[in-house]
Amino acid sequence: MTDIFDERRKGLEGEYFRRKDKETLTRLREAMREEAQARGEDKATMKCPRCTGKLNEETHDEVSIDRCDTCGGVWLDAGELEQLSGKEKSAGGWSKILWPGRTSE
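Just so we're aligned, residue 1 is where the sequence shown starts under the working numbering, counting upward by one.
Note that these hints are calculated values from the structure, not bench results. Take the hints with a grain of salt, since some may be wrong.
[What the hints assert, rightly or not] Ranges between beta-carbon positions, derived for each pair:
#1 Met46 with Glu23: 17 to 27 Å
#2 Glu15 with Trp75: 20 to 30 Å
#3 Arg8 with Glu82: 12 to 22 Å
#4 Glu13 with Ala36: 33 to 43 Å
#5 Ile4 with Gly73: 37 to 47 Å
#6 Arg9 with Gly53: 20 to 30 Å
#7 Gly86 with Gly40: 14 to 24 Å
#8 Lys54 with Glu7: 38 to 48 Å
#9 Glu7 with Thr59: 14 to 24 Å
Idealized CB from N, CA, C, for every residue including glycine.
Can you build the whole structure from these sequences, using the hints too?
Okay, here's the thing in structure tokens:
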């Protein structure tokens, strides 16, 4: 019986930290936007870790991802992979993120 409670506690801890990570990332993104506005830029720009192209924020199934406008790379923040994998069965699944112009057959 104790094992069930231990597993439940671990699950709740995991959910708590995922939620805190998401809140922290949201605050950091907002701070970046405010700094960019203070510098006179319309939006904070992040650079692609692969090719240093501009990363554009896109939302898929209520999850924000970053896509490079140069190499097309898709970058996820902490916890976003878990969120997307939980919604994998939704229309299009991973294919609509990785290949946005394709239609499923």
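- [ ] Check each numbered hint from earlier against the structure, then list the numbers of those it violates in ascending order.
- [x] 6, 7 and 9
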